[in-house]
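> One-letter residues, chain by chain:
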Amino acid sequence: MSERIQLTVAAGATSFAPRVGKDPGFLSRYSSALLLLLLVALEAGVVYFVIRDVRSANHEVQKMYASAVRGLRRIGGLQYEAQETRRSTLYALSTNDSNLQVVYADQSREADSRVTAGITEYLKEARLPREMELGKRLQRDWSDYLGVRNEVLASILEGSTKEAVAFDLAQGIPKFDQVRQDLEETQRLYDEQASQRLANVAALSRRSVLQLVLVLLCTVFLVSIFVWVLQKSKMASTLQLARMQMDFAASVSHELRTPLAVLCSAVDNIADGVVTGKEQMAKYGTVIRNQSQQINGLIGQILLFAATQDGKGRYVMRPIRVSEFIESAVTGTSELVRRAGFVLEQRVSPQLPKVLGDATALSQCLQNLITNALKYGEKARWIAIDATCEETRDRRNREVRISVYDRGKGIDRSELPRIFEPFYRSPSVVAEQIHGAGLGLPIAKSLAEAMGGRLSVASEVGVGTVFTLRLPVYEELSESQVGREGRN
Amino acid sequence: MLKPIIRNTATTLLMLAAGAILLWPPPARVAASQAKQDSLAIIVNQSNPVDNLSTAELRAVFLGERSHWPNGRRITLVMMEPGQFERDTVLHDVCRMSESDFRRRFLQGLLTGEVLVSPKTLSTPVGVRKFVFNVPGAIGYLRPADVDDSVKVIKIDGHLPSDAEYPLHVPLRAER
Numbered sequence: 021m022s023e024r025i026q027l028t029v030a031a032g033a034t035s036f037a038p039r040v041g042k043d044p045g046f047l048s049r050y051s052s053a054l055l056l057l058l059l060v061a062l063e064a065g066v067v068y069f070v071i072r073d074v075r076s077a078n079h080e081v082q083k084m085y086a087s088a089v090r091g092l093r094r095i096g097g098l099q100y101e102a103q104e105t106r107r108s109t110l111y112a113l114s115t116n117d118s119n120l121q122v123v124y125a126d127q128s129r130e131a132d133s134r135v136t137a138g139i140t141e142y143l144k145e146a147r148l149p150r151e152m153e154l155g156k157r158l159q160r161d162w163s164d165y166l167g168v169r170n171e172v173l174a175s176i177l178e179g180s181t182k183e184a185v186a187f188d189l190a191q192g193i194p195k196f197d198q199v200r201q202d203l204e205e206t207q208r209l210y211d212e213q214a215s216q217r218l219a220n221v222a223a224l225s226r227r228s229v230l231q232l233v234l235v236l237l238c239t240v241f242l243v244s245i246f247v248w249v250l251q252k253s254k255m256a257s258t259l260q261l262a263r264m265q266m267d268f269a270a271s272v273s274h275e276l277r278t279p280l281a282v283l284c285s286a287v288d289n290i291a292d293g294v295v296t297g298k299e300q301m302a303k304y305g306t307v308i309r310n311q312s313q314q315i316n317g318l319i320g321q322i323l324l325f326a327a328t329q330d331g332k333g334r335y336v337m338r339p340i341r342v343s344e345f346i347e348s349a350v351t352g353t354s355e356l357v358r359r360a361g362f363v364l365e366q367r368v369s370p371q372l373p374k375v376l377g378d379a380t381a382l383s384q385c386l387q388n389l390i391t392n393a394l395k396y397g398e399k400a401r402w403i404a405i406d407a408t409c410e411e412t413r414d415r416r417n418r419e420v421r422i423s424v425y426d427r428g429k430g431i432d433r434s435e436l437p438r439i440f441e442p443f444y445r446s447p448s449v450v451a452e453q454i455h456g457a458g459l460g461l462p463i464a465k466s467l468a469e470a471m472g473g474r475l476s477v478a479s480e481v482g483v484g485t486v487f488t489l490r491l492p493v494y495e496e497l498s499e500s501q502v503g504r505e506g507r508n
Numbered sequence: 187m188l189k190p191i192i193r194n195t196a197t198t199l200l201m202l203a204a205g206a207i208l209l210w211p212p213p214a215r216v217a218a219s220q221a222k223q224d225s226l227a228i229i230v231n232q233s234n235p236v237d238n239l240s241t242a243e244l245r246a247v248f249l250g251e252r253s254h255w256p257n258g259r260r261i262t263l264v265m266m267e268p269g270q271f272e273r274d275t276v277l278h279d280v281c282r283m284s285e286s287d288f289r290r291r292f293l294q295g296l297l298t299g300e301v302l303v304s305p306k307t308l309s310t311p312v313g314v315r316k317f318v319f320n321v322p323g324a325i326g327y328l329r330p331a332d333v334d335d336s337v338k339v340i341k342i343d344g345h346l347p348s349d350a351e352y353p354l355h356v357p358l359r360a361e362r
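Going down the list, the sequences are from chains A and B.
Be aware that the first sequence starts at 21, since it is given in the numbering used here, and climbs by one per residue.
Be aware that the second sequence starts at 187, since it is given in the numbering used here, and climbs by one per residue.
Just so you know, the hints here were simulated from the structure itself, not pulled from any lab data.
Any given hint could turn out to be false.
Listed below are the simulated SDA-like cross-link pairs for lysine to any residue, each with C-alpha atoms no more than 25 angstroms apart in a straight line [claimed, not checked]:
(1) A:Lys182 to B:Thr298
(2) B:Lys338 to A:Leu166
(3) A:Lys182 to B:Thr307
(4) A:Lys182 to B:Phe292
(5) A:Lys83 to A:Gln103
(6) A:Lys182 to B:Arg252
(7) A:Lys395 to A:Asp292
(8) B:Lys338 to A:Lys182
(9) A:Lys195 to A:Lys83
Covered stretches of chain B, going by a simulated chain A footprint (3 or more residues, C-beta under 8 angstroms) [unchecked claim]:
(10) 306 to 316
(11) 321 to 328
One-sided and incomplete, this derived list gives chain B residues near chain A with beta-carbon spacing under 10 angstroms [unchecked claim]:
(12) Asn231
(13) Asn257
(14) Arg259
(15) Val264
(16) Val303
(17) Lys338
Think of the CB as a built atom: it goes at the ideal place given N, C-alpha and C, for glycine as much as any other residue.
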């Protein structure tokens with residue numbers, strides 16, 4: 021951490037190219053993968069819907085089959101056992117042997133107990149009101165019939181055959197018919213339920229087909245939209261890139277041409293022997309040195325921008341005092357401030373906590389902001405640097421806020437979103453022939469973000485502008501954050 | 187003249203004493219004989235309101251002299267097949283007549299209309315029990331071991347088969 025801080029321009033940094041926004045080529049670069057991903061996701065969605073509906077239909081069919089088969093089997097069983105109850109009772113009429121009559125009575129009672137158990141089970145499983153009502157009616161009618169059956173059986177066993185037959189004709193047959201009708205109605209109910217379920221399955225199947233068609237149509241529609249947007253984005257990106265490259269070339273050429281013209285003129289005068297005398301030569305020397313420094317500064321900025329944009333900039337991160345890099349920035353720009361005749365005020369709170377960052381990068385960031393204020397500070401010729409420590413917006417942590425104020429012409433609201441775009445220069449600024457490459461603010465923003473901070477702007481036309489650099493307090497960074505920041 | 191009278195009187199007394207000894211067994215002997223016997227339970231349908239019958243009422247029922255129960259149900263007599271100890275006991279102790287007299291009586295009763303229903307004959311105790319279970323007006327008899335909850339045991343002269351004073355007994359099955 022104590023080693024000398026270096027801001028290194030990575031290898032290949034000279035092969036930079038202007039970019040649109042933060043990452044103008046993102047959509048273009050990953051278009052195929054994104055398209056594939058979207059298609060896979062949509063197809064997965066379609067498959068999920070289809071499988072779900074098919075399974076649901078299958079389950080419903082199985083349920084319907086099982087329910088229908090079980091219900092019909094149960095009703096069939098009940099019908100048989102009810103007949104067996106009656107049949108065994110009537111068998112007892114066919115003999116005078118009391119022993120055999122008792123056997124038939126036993127058979128009748130066994131069959132009736134199976135019917136009673138079946139009805140109880142039906143009632144237990146009944147869910148629909150109609151099922152329950154039917155089950156209760158069946159239970160009641162069956163109980164009535166058993167009362168008659170018992171009397172008939174008793175008469176038969178007593179040997180009163182005529183009485184038994186008469187009673188059975190008078191009451192047994194009507195009661196048993198009632199039971200038979202109940203059982204038939206139960207069977208019809210099962211049929212109706214099966215038909216209803218079949219209709220549900222058919223509806224489900226229709227819905228599945230409809231869903232499938234809709235989802236496929238949506239897929240085609242979304243893919244078409246996506247491809248269209250992609251193509252449009254690619255085209256816009258290409259156009260913007262071309263425009264930016266043209267702007268960049270024009271801007272850099274213009275920025276280079278002015279000092280070069282001065283240099284050429286000075287050199288021509290010296291070569292032509294126009295410059296004579298030691299004093300005049302010294303004056304020309306100063307001009308040549310200043311213009312060379314201007315060219316060198318512009319090239320340095322371009323290289324620095326390339327370094328910050330390719331993400332390979334290596335920073336030496338360490339806890340540093342805020343006043344340290346503010347002083348460094350102020351010292352670095354003091355000559356410019358003095359020559360421009362500006363007043364620079366500093367309001368740095370004492371006891372500010374340390375921040376984690378690269379001192380050189382942070383100093384460069386601040387210098388860019390000060391230079392920017394000098395360029396657009398106009399007649400007020402006043403710059404202020406304000407450093408405080410405040411709570412973050414979510415009130416969880418604290419952050420150091422360093423603001424650079426000017427009382428210049430301000431920035432129009434419509435231009436605020438664009439001022440951090442590389443090479444962007446406001447038309448009004450170009451018209452006023454204020455020199456610049458449109459790189460100072462983008463570099464400052466990139467550096468701020470590389471330090472884990474943020475750079476924001478607030479401005480009012482005719483009043484002034486304030487750029488605020490927010491940096492997290494070192495003591496409140498977690499270990500993982502420190503490690504992550506340290507690897508930048 | 188006096189000597190034969192005395193001799194006859196002595197002979198008569200001796201015979202009376204011997205008869206008394208034979209006909210009056212000591213309590214230990216009675217207990218021993220009862221220990222080798224089963225009670226014979228009289229059973230009716232569970233719906234029958236009758237809980238107790240006197241020996242005379244029981245006889246009237248078994249001879250067909252009484253045709254209906256107090257609830258109006260016709261009485262159906264259930265007998266076991268001839269030759270069974272239980273049947274013999276009922277004929278001897280309740281009806282106090284022989285098998286042939288019993289048959290003759292019912293045949294006559296049916297012809298004259300005095301008896302409405304002839305006794306039903308079942309071959310097994312289980313058959314008797316199931317018959318009584320199925321017929322509300324039925325009455326039959328069973329050993330206590332053959333009785334279950336499907337039928338009701340009634341008292342005779344206020345005694346249940348488990349009471350010592352119960353009047354109807356039948357030899358154990360093993361002795362047959």
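> Hint compliance check: list the failing hint numbers for this structure, sorted ascending.
Hints 5, 7, 8, 9, 13 and 17 are the ones this structure does not satisfy, whereas the remaining hints hold.
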